[in-house]
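Protein chains: 2
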Amino acid sequence: MGAVTPLAKENKPTGSVKPIVDLTRADMERVNQLILSKAGSDVQMIPEVANHLISSGGKRLRPMLTLATAAMFGYRGEHHVRLATSVEFMHTATLLHDDVVDESDLRRGKSSARMIWGNQASVLVGDFLLGQAFRMMVETGSMQALKVLSDAAAVIAEGEVFQLAVSKKMETTEDDYIAVIRGKTAELFAAAAEVGPIIAGAADADRVALRDYGMALGLAFQLVDDVLDYGGSSADLGKNVGDDFREGKVTMPVILAYQRGNEIERAFWRNAIEDGVNDDAALEKARMLIEKHDALGDSIARALAYGEAARAALSPLPMSPARHALEEVVDFCIARIS
Amino acid sequence: MGAVTPLAKENKPTGSVKPIVDLTRADMERVNQLILSKAGSDVQMIPEVANHLISSGGKRLRPMLTLATAAMFGYRGEHHVRLATSVEFMHTATLLHDDVVDESDLRRGKSSARMIWGNQASVLVGDFLLGQAFRMMVETGSMQALKVLSDAAAVIAEGEVFQLAVSKKMETTEDDYIAVIRGKTAELFAAAAEVGPIIAGAADADRVALRDYGMALGLAFQLVDDVLDYGGSSADLGKNVGDDFREGKVTMPVILAYQRGNEIERAFWRNAIEDGVNDDAALEKARMLIEKHDALGDSIARALAYGEAARAALSPLPMSPARHALEEVVDFCIARIS
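Heads up: the sequence lines are chains X and Z, in that order. For the first sequence, the tail end lands on 338 under this note's numbering, and the numbers increase by one without skipping. For the second sequence, the tail end lands on 338 under this note's numbering, and the numbers increase by one without skipping.
Hints are supplied without guarantee of correctness; some may be wrong.
To be verified - List time: in silico SDA-like cross-link candidates among lysine to any residue, alpha-carbon distance up to 20 Å:
#	chain 1	residue 1	chain 2	residue 2
1	Z	Lys249	X	Trp117
2	Z	Lys147	X	Ser142
3	X	Lys285	X	Arg270
4	Z	Lys168	Z	Ile264
5	Z	Lys169	X	Gln44
6	X	Lys285	X	Met170
7	X	Lys147	Z	Ser37
8	X	Lys168	Z	Met45
9	X	Lys169	Z	Met45
10	X	Lys168	X	Val241
11	X	Lys249	Z	Met45
12	X	Lys147	X	His79
Treat the hints as calculated values from the structure; they're not laboratory data. For clarity, every value in this text was computed on a predicted model and none was experimentally measured.
Working from the sequences, and respecting the hints, build out all of it.
Spelled out as structure tokens, the structure:
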């Protein structure tokens, strides 16, 4: 396997993400080159900060979705590479801003950019990458793609503000939480999968199907992440088990355990999440309560249901290597918790 | 005068900004309504934060430039209102992020949003407004306007990062500084004045002339701001005299005084700007040194030269109420220091 694909570098079984990696290999090489080029600037701090995060080994699943969904309709131009890079820049900008918002010290197992260059650089380089993303979209000349991605930019930010508004609030409902992750995570998956068919000139029905696929995949992906934070190992995540807990994040397992808990347990959760009593002993107790109420199992069940919805969204599309690769991505996401 | 135009509310002589206020009054009413509508969200924190800044009495000079430059070519549609609102949202997003970057406590004489809602909300609501700005641009269907404004978004952020990279560095040259303010301030003035002729379908030469006008006006505007920080009163600025000094900002008067200073004076500047020895006594001494080397006078001379360049850029355009209003805006900006 080549050296350009971050996944291939990890030198471990890539599971069922292999079909999409293989399918998009040549295009991803061009995406990676465009990423480096468009993160460049005479202002030296910009490539320093940007490349710190860009080179830190994210899977680049989102740009692969754009490339694969364009390939599905036989697209032969250059614009899908620009759109895929725009999607990755939007994601990177979000991560830079998230680290400031969450006051995170780590990102993908490395010091976060804000710890090295400060909050200021993280905010402003994020803004720069967002500006570059929109420039690349404009270069494609596709007003439809611009509409989808500008909608996504606003919806993602709205989801992040909603998350901030409900953060450390144990009264957050399951519906609130799904609304948060629909915005902050799933919307970009949906947009990434929608701009592929758009640039390829696919029919509206196909475009809607792939948007639905991306949305459901994104919801499954985030719920799996939530579950791993209470049950995975830090190597899988690039962060440590219990990070969400220590940051006071109200995620699906916490919501379910809280709803099903007695008054004493609820007081524990409020102490932990709202008042920050979240040491190792508290984390141990949280895991025990989540286990007691099968909150992890039921979070997994929800992830599986969204995974099924993602697969179902693909069913009207003719079978093709791209469709197969997209189905395997769903399995790969789910497999992280099985 | 009506209540909708922030300038009119101030109940003091509006000087020569009156022609552009009068010219754009009806359209600005629609801009103000669109601002309120597009800053709305089911996520309550968004309009709270956005309206705090939006209602704080900025002059809205940038959207007026878009409206006036569209009016100059007899534009009769709706899209100039959307573009003007986009420009104002880009500006507001920049202010929200700037306050986080500068760790500012005050903005336009009120507590900054980050002091009330935290850095997190300022970053994310800024992102939301930027997303909304791009959505409105897309609604106009003008790929040319999208190009100008997405270029501006990247260039503004690049200028801000450059400012961060040279911040508190007394070795900043005059050229560095002009590059910083060209990006962080003048680019948006240029873009605001360019999208007016674009949406009105004006000739390329007119578009270039108005872009040049906006760029020169923006440079003059920023230099005047720099001068006022060492010589104005806080009522003029919505901030306090000496704010730039206390934040360690290297602005034109400081650069000129430093370049012209002897070794003892240079040591004073390094202490003040780089090491933060910037109490009231230091500010007094800084003003004295700026006076001694005529650094304020020469900063004003540069502002006047850019003002002349802005007027000259308009000279190929036929005389019209809009051109007259744009000329008066130049005089208004300069008049703040005369």
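Which numbered conditions among the earlier hints are violated in the structure presented, ordered from lowest to highest? Violated hints: none; all satisfied.
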